[in-house]
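A.B. asks: Okay, here's what each chain looks like letter by letter:
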Amino acid sequence: MLEIEIDGRKLEVPDGSTVMDATNQAGVYVPHFCYHKKLSIAANCRMCLVHVDKAPKPLPACATPVTNGMKVFTHSEQAINAQKGVMEFLLINHPLDCPICDQGGECQLQDLAMGYGGSGSRYEEPKRVVNNKNLGPLISTDMTRCIHCTRCVRFGEEIAGIMELGMIGRGEHAEIIAFVGKTVDSELSGNVIDLCPVGALTSKPFRYSARTWELTRHSSVSPHCGLGSNLTVQVKQNRVMRVLPRENDAINECWLSDKDRFAYEGLNASDRLVKPMIRENGAWREVDWQVALEFAANGIRKVRDQHGAVHVAALATPHQTVEELYLLQKLAHGLGSSNVDFRTRQSDFSADSNVVPWLGMAIADIAQLDRVLVVGSTLRKDHPLIAHRIRQAAKRHLQVNLIHVTDDDLAMRITNKAIVAPSQMARQLAQLVAAVAHAKGAPLPAGLAGTEAGDAAKRMADSLLSGKNCALFVGNFAQHHPSATQLHALVQTLADLLGAKFGFLGEAANSVGGYLAGAAAGGMNALQMMREPRQAYLLLGAEPELDCYDPQQAMSAMKQAEFVVALSPYQHQALDYAHVMLPVAPFTETSGTFVSTEGKAQSFRGLVQPLAETRPAWKVLRVLGNLLQVDGFDYDSSEAVLKDALSGSDPTSRLNNRLTQGVIGKIEAQGSGDIERIAEVPIYQTDAIVRRAPSLHKTRDGAVPVAGMNGEMYERLGLRDGDQVKVNGSSLLSAVLDEKLPAGCIRIPAGHPLTAKLAGMFDTVTIVRVAAQHKVAV
Amino acid sequence: MGLPVAPFAGDMYGPDAVIMKGITGANWRLQDYLSRGGYSALKKILSEKIPPEQVVAELKKSALRGRGGAGFPTGLKWSFMPRQYPGAKYLVCNSDEGEPGTFKDRDIMRYNPHILIEGMAIGAYAMGIPVGYNYIHGEIWDVFERMEEALAEARAASFIGKKILGSEFNFELHNHHGWGAYICGEETALLESLEGKKGQPRFKPPFPASFGLYGKPTTINNTETFAAVPWIINNGGDAFLALGKPNNGGTKIFSVSGDVARPGNYEVKLGTPFAKLLEMAGGMRDGKKLKAVIPGGSSMPVLPADIMMATDMDYDSIAKAGSMLGSGAVIVMDETRCMVKSLLRLSYFYYEESCGQCTPCREGTGWLYRMVDRIEHGKGKPEDLDLLNSVADNIQGRTICALGDAAAMPVRAFIKHYRDEFQHHIDHKQCVVPTYI
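Residue numbers (the working numbering), protein chains in the order written: chain A, 301 to 1078; chain B, 987 to 1423.
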């Protein structure tokens, strides 16, 4: 510990602290722009100059290490003069356009200028003008306002892992730009808007739509990926205008992924369902809630009475709240059916029923790991902020090993990787198990006899064996895999051999909560209820045409059903097959709870009035339960539902990744030779809200799907760039050369209307070249 | 632009020259250097197995101070290098000579390159450093090529490389050229540039001695500093000190430019009166009157003739006179020089060369330049002079590196000593210097 005196107050700070750390600890504010606690120190704005006793000149608090006995004065004449001098310099070339600047009212420069700026300017020379840059659909620029703090540059380099912004030019000509002709495409790019202390980088979707003082602020939780990012949702006139991060160091720190930040646009989408609707004689008609609910209850009752309860199925998405999922399964059970599921994209459900897959550790503990194996995940796009945590650890001591089907740039240091076809993932993992078992002198687990480890597996084994704190993570792709349980068993076996933690990267906000709410009810699972079509479906937030493992199969199941009830915030394709559509609230319009991938239950409240006649889904389900005369549907608050759903217990006690038997089974030796499809869900197609966020769809990650394949496949099919291919005789896609793919595979994303006509995500495909169509001038 | 035609007279650098003694411009090759007794210091150290500590001690005795501008005691700097540090460490020679008025390192490298190589090898030996870089200013390409040739000669003769002269001492040296940015002469910006990044100074601490090139302990010295080392080893630290004055050991090469009859480099003992240096440079051109001198490179405060004529050329005397010895660039101005125009030229230089990283320098240098430009062009206002001083005050001592100080100091000194000339420009919208002279 070091002793330091700040403005006459003595305190002790840890060794290695800077003066800024000490003033923060003392609760003394030192003005600053370039300093940010999560970024490296630049010391370039010079705003934090303070007076240090015995130093010949003022020193920057952010970059000056504390020495024992140091005396610092933050408000002495020398300090104030220095700070005012810097403020004057910052302002001479900064436009005085606060009234028309989107940052006005939440601008650090504006705030500090009130304290340290002069009332008039001594600068009478011409001011600098800097051309604006096109950084893409999310970030708007006013580069003349830039004060060159380089926070955005350091963010890209240090946090996002790709340097997409830099400062070129010297002196007064220095300016922040992206690479020539390039935009900022990182999935974390929106954070530079928060970081920018002035109005140089602002939010393009939010721009000019509200002033900060017109907005009310509400705490909420992200409904998208499994991280459970904490949000501050800002509202004006009952409309969500903007989403910002709410700091939580254990979860999202002070960051948000672009998905969490900009998906709110989907809340205000034009296809919101605003009134209950029923379809009679093929025609849709808007009706009162009472009529719609009775219509729905009667329809379900009729199917149950005619075909039996086993013909009633309920399908939700893992983006629904614990309360909703709990009531959905309770309703189904009350009707006598246990056909309830929320794992819409899963295809292998053979894991034990007591498995509640979760991360297996706290998110914040990722920083302490020294070895990681990731199986089947494009980390950056599936879990942007978990990827960030792994990236930071990988800069220090963490070795990242990856078994996956694509070699996309993860913007982090990967120590070893094995890029294999989907059918070969189990084999690759088995080789790794064999290599580790061999090194440990342990017998080969049953089913792996004769498995020989290849070089990649051996290198990975060496890496994993050399660590002290190792974790194995199963990603979204592996969870969707038709051999998901086999992969699970292999990972479990490997974890046991290594003495490592293992867990699942939760695909959605409530991937864990769905299990806890009993929404994997043990009857027909999400795949079965489509494969063996039912007569009545209750859809809660689900859009089977996009959410299901096999959208074609799901659509034919829907179309043949006698009665389909769709509870959704949106008018989606259910218009073609549903019989009643009930407008239910998205997460901002209802109270609810998500259980994140680390098993943390986070509740939130509704923060705007439900749109038009929309109602919270838990209330709708409650009334449906009453109308269907199911017992135990007399809740009067979502808290009461939550209490029942989690049985009042700590959810963490029920989390369980372990397969009781852990039988690996037979490993497929080789693929069939057919063309394998690599179907990941694009980052902005994962759920109903983000699908409707227009700005995100203008980014590179939101681009129209194409059929990617490597050169060998290109040659095999005789393709050239710009050619179109017909997949499975139905979907027409542009072919793109993509050398990041294994042989014999074609990458065609799932979850997109253009690819919804294809069969199951992991089914093999047929591809035919369609002759390039040349445009002819007429 | 080729090299000037050699040979010159062997004493063109002055009778007291040590580093440049006997240099004719044509005798730069290894064999010439050897025939002048070159590499004897390195041979002596290696054959007599002189302990590195003793080499450093000798340098401390010599009172050799950094010749790049800051004047930091070299022996002390060398003793900062953690000798037992287990990882990589580096020796860097700052040959990025870009200060207006300074052209001494260029002459060392093109006419006596081996003295630099020998000096660096001795430094590497004293600090236990296996790898060195010589960062050469980007605008003197032919000098870079000559250094490359000389280095090849030295390597072939086992003065550089593995097991130097059959000893256990290894030292690999590389020449590296910049692209002409003045800021890369700042040592930490030089390191950034050497690493392949944009040349921008780092904030200190940490200092290069602990966190230098690629984050490893690094010692950086000026070309002339290294070039003085062999003589010190051969003749002893005391002898070097005796050449100059206490605390100002040795000789120093002054680059005399401006309104003198024979501009050029002159190596004189520290403590030599300015008047004598001026005489060596042939006195004032065309017999004009001396008006002002910038004694240490463009970033140092200007001094009026009377002060200068009473000053000796050494670190302490010039500091006492109110300026700094700096890099030893002596810019001589005669009575025809307009002080406003002179400052304008300097202000423009710093405005253009500011790296733009930190606020006071990025914004302030432009402000200074524009104000001086207005005054020069008859648009000055009465309050401008105080404002200039105030802006300079707000820059000086508030920036990451010394470029801010370098931009501010000339402004303050020019106004201090020649305020009436500036006032005349403002009041009369024209120069005090008559147009006819």
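Any given hint could be a false lead.
What the hints assert, rightly or not - Label-pair distances were calculated between CB atoms; the ranges are:
hint : chain 1 : residue 1 : chain 2 : residue 2 : range
1    : A       : Ser419    : B       : Pro1072   : 55 to 63 Å
2    : A       : Ala664    : B       : Pro1072   : 56 to 64 Å
3    : A       : Gly754    : B       : Glu1338   : 36 to 44 Å
4    : A       : His697    : B       : Pro1072   : 44 to 52 Å
5    : B       : Phe1193   : A       : Pro426    : 33 to 41 Å
6    : A       : Asp549    : B       : Pro1232   : 37 to 45 Å
Unchecked claim - A few chain B positions that, by computed beta-carbon distances, are all more than 12 Å from chain A:
hint : residue
7    : Ile1036
8    : Val1117
9    : Glu1154
10   : Asp1245
11   : Gly1273
12   : Ile1293
For the record, the hints were derived by calculation from the structure and aren't laboratory data.
Note that CB positions come from ideal geometry on N, CA and C, so glycine has one too.
A.B. asks: State for each hint whether it applies.
C.D. replies: Against the structure, the hints come out as follows:
1. A:Ser419 with B:Pro1072: 55 to 63 Å: For Pro1072 (chain B) against Ser419 (chain A), whose Cβ atoms are near 58 Å apart, the range 55 to 63 Å holds.
2. A:Ala664 with B:Pro1072: 56 to 64 Å: 34 Å, violated
3. A:Gly754 with B:Glu1338: 36 to 44 Å: 59 Å, violated
4. A:His697 with B:Pro1072: 44 to 52 Å: 19 Å, violated
5. B:Phe1193 with A:Pro426: 33 to 41 Å: Hint holds: Cβ distance 39 Å, inside 33 to 41 Å.
6. A:Asp549 with B:Pro1232: 37 to 45 Å: 58 Å, violated
7. Ile1036: 37 Å, holds
8. Val1117: 25 Å, holds
9. Glu1154: 35 Å, holds
10. Asp1245: 30 Å, holds
11. Gly1273: Gly1273 (chain B) is indeed farther than 12 Å from all Cβ atoms of chain A, at 40 Å.
12. Ile1293: At roughly 25 Å from the nearest Cβ of chain A, Ile1293 (chain B) sits farther out than 12 Å, so the non-interface label holds.
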